[in-house]
Structures are given as C-alpha cells and as structure tokens.
Amino acid sequence: MIKVTKLTKDYGARRAIDNLSFHAERGEVIGFLGPNGAGKTTTLRILSGYMPPTFGKAEIGGFDVVDQSLEVRKIVGYLPETVPLYPDMTVFEFLKYKADLHHIPNAEDRVDEVLEMVDMLDRSEGYIAALSKGMRQRVGLGQALLHKPEVLILDEPTIGLDPAQIIEVRNLIKRIGKERTIMLSTHILSEAQQVCDRVLIINKGHIVAEDTPERLQSRLAGSQRVELRIRKNSEEAMPLIKKVRGVTNVTVTTDDLLEFEMGANQDVRPNVARAIVQGGFDLLEMKQNTLSLEDIFLELTRDETTPPSLKDRADQP
Amino acid sequence: MRNIWTIAKRELHLLFIGPIAYITMIVFLLTLGIFFYIELSYAIQTQQYIPTMGTSFQLIAFPLLFLAIPAITMRSIAEEKRTGTLEFLLTAPVRDWELITGKWLGGFLFFLITLAVTLVYPLVLSLIIKPGIDLGAILAGYIGLILLASAMTAIGIAMSSLFNNQIASLFATLGVIIVFWIISSPAQYMEGIGGDILRNLSLTTHLYDTFLAGILDLKDMLYYISFTVFALFIGKTAVEIRRWG
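Quick mapping for you: the protein sequence lines, in order, are chains A and B. Sequential numbering of the first sequence, starting at 1, is according to the working numbering. Sequential numbering of the second sequence, starting at 1, is according to the working numbering.
Since the hints were derived computationally from the structure, they do not count as laboratory data. Treat the hints with care, since some could be wrong.
As the list claims (entries may be wrong) - Calculated Cβ distances over 12 Å to all of chain B for the following chain A residues:
| # | residue |
| --- | --- |
| 1 | 6 |
| 2 | 163 |
| 3 | 211 |
Said to hold, decoys possible - Computed list of lysine to aspartate or glutamate pairs in EDC-like fashion (alpha-carbon distance at most 20 Å, straight line):
| # | chain 1 | residue 1 | chain 2 | residue 2 |
| --- | --- | --- | --- | --- |
| 4 | A | 74 | A | 119 |
| 5 | A | 74 | B | 96 |
| 6 | A | 74 | B | 196 |
| 7 | B | 9 | A | 108 |
| 8 | B | 81 | A | 81 |
| 9 | B | 9 | A | 67 |
| 10 | A | 6 | A | 64 |
| 11 | B | 81 | A | 88 |
| 12 | B | 236 | A | 150 |
Claimed, not checked - Covered stretches of chain A, going by a simulated chain B footprint (3 or more residues, C-beta under 8 Å):
| # | segment |
| --- | --- |
| 13 | 68-74 |
| 14 | 79-85 |
| 15 | 98-106 |
| 16 | 175-186 |
Glycine residues also receive a C-beta, built at the ideal position from the N, C-alpha and C atoms.
Assemble the whole structure, with the sequences as input and the hints as a guide.
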C-alpha cells in the first residue's frame, strides 16, 4: 500500500531525511518513532502529497506522490502535526467544507457519522475557536476520516488529549487499522507498542531499527545490564570482571560503580561476584536493570549515525 | 470545477460573517450617496444640466475599488499560509489552479454584490429624470467596472499567494495596481511603439476612454480578461513553487 524508496529531503543545506526506504501492507499499522526533529513530519508530509522529496520515490496505492499527487490525496487521510482549522467555522461547517472538497455524496450524513465516531456530535454547532486542544485534535482526526481513506497518515494523533481520550483514539486507530493502512508518528513508546504492527525507529533522518514491537522488546531482553557497587577503586576491578565469560561492555560509572552487560540466557552474576570477591574486592551491591523500550530507543537514537551532510559541515573550518 | 465553487463559497461566506463586507458596502454607498446628492443639487440649481452616473462611476473606480480590493484580497491566501490551513487545502484533492480560481471567484463575487448594491443610484436617477436615462451608458459603465474589479481582484490574489503576511500582501497589491493605473502617463512623452505599449497595458486607458464614455469595445474586454487570467496564473505558480520548493 505504501512503498517508499530511498527518500531524501533537503531543506537548504540541512538534510531532514536521508535515504529512507520502507513499505506498508494493507491493514498494517506502522508506527514512526523518533525524537523531535528526526524527520517524522517531513516524511509524512511527503507521503500526504503536501511537498515533494528532493530524491527518491514514494508510492501510495500504486500512485506516485509527486506525479499522481491528486490520486494519492483522494485515498489518503492526513492529520497534520498542528491541526489546521478555521477558527471562524463551526465544527460541522468545517467538516462539510472538507467533505465538499472530496465530493462526498450525502455529505451531511457522512459528517454526522464521523462526528459520532470521534465523539463530537454534541459540539457540532460550536465554533472551532472555542474548542479545547483535545477537541480540535478530534476534529482533525474526523476530517482525515471523512472520505473513508484507504491510507491514514497521522502525525502525533494523541498529542494534547487527556488519558481517557488517548485510549479512545488508540482504540479507534486499532479498529480502523484492521482494514486500512495507517502510518502514525509518535514519540510515545508505549503507544507505538500498543497500536502498531510494526515500528520504524528514525533518528536524524535515518531508520535505525525496524521491527514488530514484540521483537524489538525481545531484542531488548537480548542483553541485560547489571550495576555493581564495590568498595575501593572500581577501575582496578574492571579487568577481573572482563575476564568472566559472557560479560560484555564493562564501564566505570563513578569511583565505586561499575556496569556490565550480559546475554539474556546466561546469568553470569554468580561468576562475577565470585571473581570480585576472590580478587580481594568488597562487593557491596549487585543490581540488574532490565532495559526498557525507552533505553533501547535512547541507545538507538543516541549518536553513531550522524547524517553525512552534517558531518561534512562539521569538517569545514 | 466543483472545488472552485466550494472554495469561492467559503471565501464569500468568510467576508460576510465578519464586519468586512458590511463596512465596505457602507463606505461605497455613503461616498456615492454624498456625490449623488451634489450631482442632483447642482442639476436642480443650474436647471441646465442633466445629472448622470459619470461621477459615480469614476468614484467607484477610484478611490473605492482601488482601495477596497487590496484590503479585501490581502487575507485570502496569505492568511491560509500563516495559519497552516494551506496544508489542509493542499492535502485535499484540490488542484492548485482550482484553489486560486476559487479564491479569486469569492472576492470577485463579493465585488459583484457590492456593485449590485450601488445600482440603487441609477435606479433613483431613472425615476426622477424624464423621459429617462441613457441605459446604454449605464450598462457600459457597469461592465467596465466589473471587468476592472475582476482584474484587480486577480492582482490581489496573486500578491496574497506570494506572502505570508497580510500587510505585505496589501501593499504589494496596492503597488501593482498603482503602477498599472499610472503607467499610461509617461506614454504622453514617448513616441512610437514604446508609448503604445504602455498605453495598452494601463488599467485606466481601457476604462475611462471607452466603458466610462459609454462605449463597449471587445478589445478592452479582452484586455481585462487576459489581465485576470495572467494574474491568476502568477498566483497558481506561486502556490506551486512553494509546494515544490
């Protein structure tokens, strides 16, 4: 349904996204995960037909987003990051306007249907200027659903909603996602975990990981971090710990704190403890930290992948 | 085509839900009313003069439309850009030229309504003058003003699509209109083809010498229509460039 190949977008000298490739099948809910400024909105804007990529190609439903932009816009429902609404219109007028632009037959009935879907029926005669942020978000979602699009592109759909509404919107996404393709961006990891079939983690314009939430999780479980507290200089104990089989990535945090990672299947903690004690150190504390999705996210998005354009500039005097 | 009408309707509606439309119409009626009164009083006093719509038409062209059109059109696309609603419109299945044409049509319809309101004066005139007024002159005058409004509205829409800022759009529109208003003046001191070109480009030459003198000329109609189309084309390109830029 969505096919993106080597998508690149430059804003002047800054490269917002670099060589992105991914795809989505019908009925799939794809989560686009990344810190602010990672290129999520840029990618979604290109997919919505709002602006073209600098290089690369994006297809939705077999239509090219640049050359067949109009066809793409007919089958895509798009909720931008800051929901653009006309404050001087009532909710009903606004949705009717959008429905007319889509040439929807029996527009009034369809508007009412959508209003019910997003739970805004009681506010349909109210002016948009008087709506709360959450309600505006729901109107924005409603306008994206009006023409029963095959593909929904939602940029931060739950932002500004209260917890009850967040749950509602997530359920709505799950329900719609059964027969339609949804691509949503978020920086809330648990949200991606709950509603998405597949997660793309993007950082500085690059995809750094792509997997199902479950497998990403098991990948986290793949390595576990253990924290050690030792009396006396921890640095001296480092070689001892390194020697233990199954231990990787030993780091000294402070004077008396050490950290190491171990494989999930092999618990080497007793071996490490023995090594330390036999080496003449006093082991005060040993604590296992399970890596959360947050940690993996931070790990993946930390730095190692600086886009080339940025590197080039850093090299210049 | 349907999208043009949808956008035009919204544009027109927007003018009438705020004070803008009513203020513009009041100013039109009031100004024309004052001069209409002077015209009639003068005719009554001298007893040798038949009042016409001539002064009124000139007043509508300048300063009324001259000032009102930049003020009405400045918001049109600039505001959509500033608030981000342009993203909403351009991600709906609306072609760029449909957007521009719809915006223009909304503004143009507004001025048609405003001009229609001023019909009250020729109506009064026709009631008090025996054996009646020169209907042909009135018709020609109104056709001229309608065409002028069309071209000037198109300039306003084009300028509005170039800026995010309403005030910038206002002054750019005013600037372009002024240039095309006075462009025939230097032509008096120019000989040959240069002077002819300037005269033919002018918004005023095509109005005062023909329509306002009661003459309908196809050449002048074509001038205003091509002016409108060309200005809208600039507006369409401006939106397109932003999209591809």
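Here is how each hint holds up against the structure:
1. 6: Label holds. Min Cβ-Cβ 19 Å, cutoff 12 Å.
2. 163: It holds; residue 163(A) is separated from chain B by about 27 Å at its closest Cβ, greater than 12 Å.
3. 211: Since the minimum Cβ distance to chain B is about 30 Å, residue 211(A) lies beyond 12 Å and the statement holds.
4. 74(A) x 119(A): With Cα atoms ~24 Å apart, residue 74(A) and residue 119(A) exceed 20 Å; violated.
5. 74(A) x 96(B): Distance of about 15 Å is within 20 Å: holds.
6. 74(A) x 196(B): 49 Å, violated
7. 9(B) x 108(A): Roughly 17 Å separates the two Cα atoms, so the pair holds.
8. 81(B) x 81(A): It holds: about 15 Å lies between the C-alpha atoms, which stays within 20 Å.
9. 9(B) x 67(A): Roughly 29 Å separates the two Cα atoms, so the pair is violated.
10. 6(A) x 64(A): Cα-Cα ~14 Å, so holds.
11. 81(B) x 88(A): 16 Å, holds
12. 236(B) x 150(A): 29 Å, violated
13. 68-74: That given contact holds, which follows from 3 residues of the segment 68-74 of chain A lying within Cβ reach (below 8 Å) of chain B.
14. 79-85: Since 4 is at least three, the answer is holds.
15. 98-106: holds (count 5)
16. 175-186: violated (count 0)
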